[in-house]
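Going down the list, the sequences are from chains A and B.
Just so you know, we're using this note's numbering here: the first sequence kicks off at 9 and counts up by one.
Just so you know, we're using this note's numbering here: the second sequence kicks off at 324 and counts up by one.
Hints may be right or wrong, so weigh each one.
Computed footprint of chain B on chain A; a stretch qualifies when at least three of its residues, placed anywhere within it, have a C-beta under 8 Å from a C-beta of chain B [as the list claims (entries may be wrong)]:
| hint | segment |
| --- | --- |
| 1 | 225-232 |
| 2 | 235-249 |
| 3 | 337-347 |
| 4 | 631-638 |
| 5 | 647-660 |
Think of the hints as simulated: they come from the structure by calculation, not from any bench.
Cβ atoms here follow ideal geometry from the backbone N, Cα and C, with glycine treated the same way.
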Amino acid sequence: MKYYFMSLMLFVFGLHHAQNCNLTLLGEVKDFHDGTPITAANIYIKQLDKYIISDFDGKFKIEDLCKGEITLVISHIGCETKTTTINMSGDAYKTIVLEHHIEELNEVAVKGSTYRNTTKTAQETVLKTSTIEQYSRLSLGDALKEVSGVSSINTGNNIVKPMINGLHSSRLLILNNNVRLQDQEWGVEHAPNIDINSANQISVIKGAGALAYGGDAIGGVVVIKPGRIIRKDSLYGKTILGGQTNGRGYNLTSSLHKSYKSGWYANVQGSLKQNGDFEAPDYNLTNTGLQSQSFSVQTGKHTFESGFELFYSYINNEIAILSSSHIGNVNDLINAINSREPAIIRDFSYNIDNPKQEVTHHLVKGKYFKRFKNFGKVNLQYDYQNNQRLEFDIRRGELNNEAALDLTLQTHTLLADVNLDANLNHKFNFGVLARYQDNHAPNTGVRRLIPNYEKYDFGVYLTSEWRLNDKLLIDGGLRYDFNRVDALKFYRISRWIERGYDEDFADIVVPPEDGEDFGSDLLANPVFDFHNISASIGSRYDLNSNSYILANFSLSSRPPNPAELFSDGLHHSAARIELGDLRLNPEIAHRISTTYGYENTNFNLSVDLFYNAINDYMYLRPTGVLQSNRGAFPVWEYEQTNAKLFGTDVTVSYDFADRFNWRNKTSLIKGYDANDQPLIDMPSFNTTNSIRYSNNNWYNFSASIQSEWVFEQNEFPDFNFVLENPSTGEEVLLDISTPPPGYHLIHFQSEATFALSNTTHLNVALGINNLFDTSYRNYLNRLRYFANDLGRNLTLQLKLNY
Amino acid sequence: MNTNKTNFKTMKINYINSNFMKTSKFLLSAILCLTVLVSCSDDDDTPSQPNEEEVITNVTLTFTNDADATDIVVLLSVDADGEDGPLAPVQTITGNFTAGATYTATVNLFNAIENEDITVEVTDEEPDEHFFVYAINGLDITLTRSANDVVRTDGNKLGFETTWVANTASTGSLTIQLFHESESVDDSNEFGIQSGGSADVDITFTGVDIQ
């Protein structure tokens with residue numbers, strides 16, 4: 009109704025031009041990238057010498073046109089002016105897309121501006137630059153917790169793995185500049201190798217709706233995007249310098265962006281971070297330091313019609329792991345749990361001693377795209393990743409200087425993707441992916457946790473989007489993936505027989521060549537092929553201009569990862585033996601979700617609901633205790649069950665008074681196995697409230713106080729053991745299951761921005777985390793058995809935009 | 324990788340002319356590119372067999388009667404496939420203690436998988452990072468760390484060589500533990516006390532007899 013009314017208003021001017029012409033052109037001006045309507049675009053009709061303006065929904069209507077050519081010149085602030093010629097032979101509908109630059113600038117400089125979703129109907133939340141910058145000193149996993157329903161599974165405080173609706177590791181895909189991160193992501197102690205500072209925008213997509221990225225995203229997808237390319241002559245940069253009292257750490261990051269009107273551009277970015285031992289309220293957390301260096305460079309040419317990009321990123325992290333968490337056997341673990349305090353407390357130090365991790369990740373990407381008129385856009389991308397992971401343990405003698413785990417994972421990926429968007433009411437996207445991966449594990453004097461393997465992936469996908477009318481949009485997709493794992497692994501013959509592989513897998517044993525003797529080992533060459541189908545269908549229905557409903561169903565399928573197939577050994581910080589299983593099937597998830605969203609100028613609400621049924625869900629379960637000369641170790645084996653997870657995530661933001669805002673994020677999740685036993689490591693109910701005062705007239709000053717309330721997890725599987733102390737005959741309980749009590753933390757954050765010149769701004773941010781120095785332990789921190797979490801932390805951060 | 328970059332450039336030249344037909348060629352080249360890529364990859368040779376340098380498969384405690392060199396008690400624990408292999412350690416006790424006699428005991432640590440004696444790594448190379456702790460249950464036996472025992476830099480005796488006085492006839496268990504990287508050790512209790520270390524050896528021999 010509004011649309012017709014506005015069109016009518018606009019065309020009062022054009023009425024006098026009545027000839028013997030009666031054709032009507034309806035039009036719509038949209039952003040080229042995401043199809044958001046462009047309001048108040050200036051449309052010049054050359055033949056009529058008239059100007060009209062697109063309405064609030066980007067639409068316009070030109071009536072009483074004659075047959076023949078009509079030329080429109082469309083311009084908008086921040087957009088490249090576009091001239092288009094339409095041959096009128098009857099009433100017509102035309103969508104005009106503009107390259108919208110100004111919003112890209114907004115993303116960098118202005119808070120609360122429009123940002124770009126990656127999906128249309130999935131449960132997606134976008135973290136903007138301003139939010140990401142608050143986490144400059146921290147990691148990706150920390151920043152993602154801004155999103156309701158996202159938590160993390162930690163090993164200490166420097167290894168933070170994101171968890172979406174209770175799922176993590178191989179069940180999440182992480183894309184860095186459109187490259188799927190391949191960095192031994194199966195491991196809970198393997199944090200994503202991303203420098204948070206290289207991100208300009210991060211999208212969290214819950215569930216497997218974004219099929220173009222992969223069919224195995226049972227938990228979700230995290231899409232990290234660097235800054236968008238601006239086609240104008242400009243040079244700008246940003247430097248952030250921060251310091252914190254806890255861990256006596258600093259962080260420095262700097263980026264510089266140069267672009268030309270011709271479309272050429274170059275971006276460089278680098279970061280340095282270091283901290284020493286952190287402090288819990290009552291003691292030092294000895295050996296918890298970190299050293300991190302990262303660097304990325306991006307160059308290319310980007311025009312509307314075509315473009316290319318070369319991208320390289322490097323990150324090196326050296327992460328110390330709490331000394332007290334290195335334990336010899338299950339008795340040490342019992343002692344550690346019962347003592348309630350770490351056994352090793354030393355004076356503060358920046359030293360990084362064993363146990364520690366050293367991980368280096370290189371990513372090289374080349375991309376080319378070309379847009380074909382009336383067809384769409386073709387993308388071709390090649391990327392190469394090299395991930396080297398070294399894990400050092402406390403070992404005897406010279407071996408102490410050698411990594412106990414040494415893995416080099418190399419991945420080549422080729423991606424061809426075609427976007428058919430000539431008809432904006434019915435878009436298609438299809439693509440082909442081919443990937444080759446090689447894992448190399450040299451001899452380290454310890455049995456390999458993950459064997460040498462080669463992996464081949466091939467995927468095809470088709471996604472489509474239909475805009476049925478102004479209110480309803482439907483999208484759907486289908487994907488097929490083929491995976492082949494070809495491994496070479498030495499098994500202990502005793503283990504091979506114990507697993508029953510001698511009966512089921514006798515044909516994969518590689519006999520030793522002449523002159524070779526494998527002794528008590530045998531060499532196996534397992535080759536597994538997996539065929540996976542995934543699909544999704546979703547819809548978005550706009551109830552009115554303020555509220556909408558999303559509904560989505562997805563089917564996703566994840567083949568077992570190398571750890572689930574091949575794990576075979578002692579896990580030191582957990583004092584347990586983890587055993588994979590060659591017989592595992594892919595797990596298949598069916599997820600349905602719905603979201604209600606309401607947005608107006610001072611009130612925003614988003615409520616997500618989901619139900620995820622995962623058949624053949626792979627998980628580790630304790631099955632017994634193994635005795636050795638080193639003492640007893642619980643044995644955890646990968647098993648499969650039909651799991652179900654469901655829950656709700658709520659985000660509310662309300663400007664309840666002038667300059668005051670209240671924000672709440674709350675999430676509740678439940679997970680059960682086929683016997684209705686709770687799943688392990690599920691986040692407990694948690695709710696975060698913050699009240700923020702902001703005054704734009706006073707140096708953009710803002711101050712906020714945040715309450716983070718995490719409840720005790722009262723549903724957990726009982727994986728406790730009763731062990732007999734052999735020397736005393738006493739029975740002792742190994743309580744590894746009971747979650748720690750709930751906790752409530754208060755944080756404070758304030759900032760102000762000062763203009764040093766027209767183009768230079770200095771932002772000063774002061775924060776206090778855990779204001780009351782509360783002692784607590786987090787159920788989802790793997791080191792919770794050994795020590796309390798971090799105490800009070802004062803942070804100061806200076807950001808200079810120039 | 325170089326190969327791929329070259330292909331990449333060629334492709335760009337091919338597609339300067341925008342027309343639909345080229346799209347299929349585009350995809351074709353993509354697949355071609357992969358073929359090159361896979362064939363380029365170095366086929367992995369057979370990995371080397373893991374050498375398990377840290378495993379202690381055989382732990383032997385040998386007690387010799389100070390007054391009678393033929394009166395020997397041997398406690399042996401053999402864990403043939405190491406700490407993470409499924410086989411449980413097999414413990415054998417050879418001989419009985421004689422009530423009233425004094426025995427000197429030494430420890431031997433051996434890796435049968437790599438055929439390597441590990442004892443010297445503990446006693447000679449890294450005594451400061453190790454400490455033996457003993458425990459008894461039900462046995463009437465007295466333990467002291469020998470005068471000839473290895474002494475750590477901090478003055479504590481390692482517990483490698485020990486003196487045992489078998490008092491009265493009894494049956495019970497004897498536990499030997501070897502700790503690595505202890506935060507503190509104390510030999511003022513002759514059995515030994517430590518904190519913060521991780522266990523390299525933790526074995527309990529049951530059915531030890533004093534007759």
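Check of the segment 631-638 of chain A against chain B for coverage (Cβ-Cβ below 8 Å, three residues minimum): holds (count 5)
Per-stretch coverage check for the segment 235-249 of chain A, three Cβ contacts closer than 8 Å to chain B: violated (count 0)
Annotated coverage of the segment 647-660 of chain A by chain B, confirmed only when three residues or more have a Cβ within 8 Å: violated (count 0)
Proximity test - 8 Å, beta-carbon atoms, the segment 337-347 of chain A to chain B, at least three hits: holds (count 3)
Within 8 Å of chain B (C-beta), three or more residues of the segment 225-232 of chain A: Violated - the segment 225-232 of chain A has 0 residues with a Cβ nearer than 8 Å to chain B, which falls short of three.
Violated hints, in rising order: 1, 2 and 5; the structure is consistent with all others.
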